[in-house]
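Fit chain V to the given chain U structure using the hints.
Chains as they are written, first to last, in my numbering: chain U, 246 to 356; chain V, 9 to 122.
Just so you know, the hints here were simulated from the structure itself, not pulled from any lab data.
Every clue listed holds true.
Here's a subset of chain U near chain V, in silico, CB distances under 10 angstroms, partners left out: (1) P254; (2) Y277; (3) K283; (4) A286; (5) S296; (6) F334; (7) A336; (8) G340; (9) G347.
Ideal Cβ placement from N, Cα and C applies to all residues, glycine included.
One letter stands for each residue in the lines below.
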Amino acid sequence: DQQVKQNSPSLSVQEGRISILNCDYTNSMFDYFLWYKKYPAEGPTFLISISSIKDKNEDGRFTVFLNKSAKHLSLHIVPSQPGDSAVYFCAASPGTYKYIFGTGTRLKVLA
Amino acid sequence: DGGITQSPKYLFRKEGQNVTLSCEQNLNHDAMYWYRQDPGQGLRLIYYSQIVNDFQKGDIAEGYSVSREKKESFPLTVTSAQKNPTAFYLCASSRATGWQQPQHFGDGTRLSIL
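Same shape as in the complex, but just chain U (with noise of 0.2 angstroms):
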């Protein structure tokens, strides 16, 4: 049963384009959400986060928004660019120890 779902497992963005990353969660539980970014033999790197007070957090070329009525939540990179190419992981946890981690988005932005 997986609580975090990202169902594109694969992402192309030409330069310079939006990249829209998805995420979707089932546990209501759930109030601070982030996303990491992973390239093959790393680990990951922490992008950005939001609580669940909040339904934006932006951080330079990077914006989370999260719709908490539809379980959704979403990474937005303006503009994209060639070293964004990576997987994406989106994380959730319900204010324990407990992160629950997607299966992760590969993005390729394309030159």
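Then chain V, alone, in the frame of chain U:
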């Protein structure tokens, strides 16, 4: 330069052997975690530790053991009881468990069975 160091990067195990994966952090973080990643799957929690000399089982602890004798170190032993140990293992740390603290990850150890 603060961070998390996992060693070795690649590890091979013979059938029936125990192997230990190292994880060291110099971030002064209280909490440390071990995850396993399999192809096409998300990260699954094996063990975590909130403070020295204390640790808790995660979702897939069977066949694994850990120790937390020092704040900066959290080694993971993959025992012979773990029937499917081939995977990518990630260690992480955070300032404290739970409330809105991102985890910082090492670069992982890939374990394979000979």
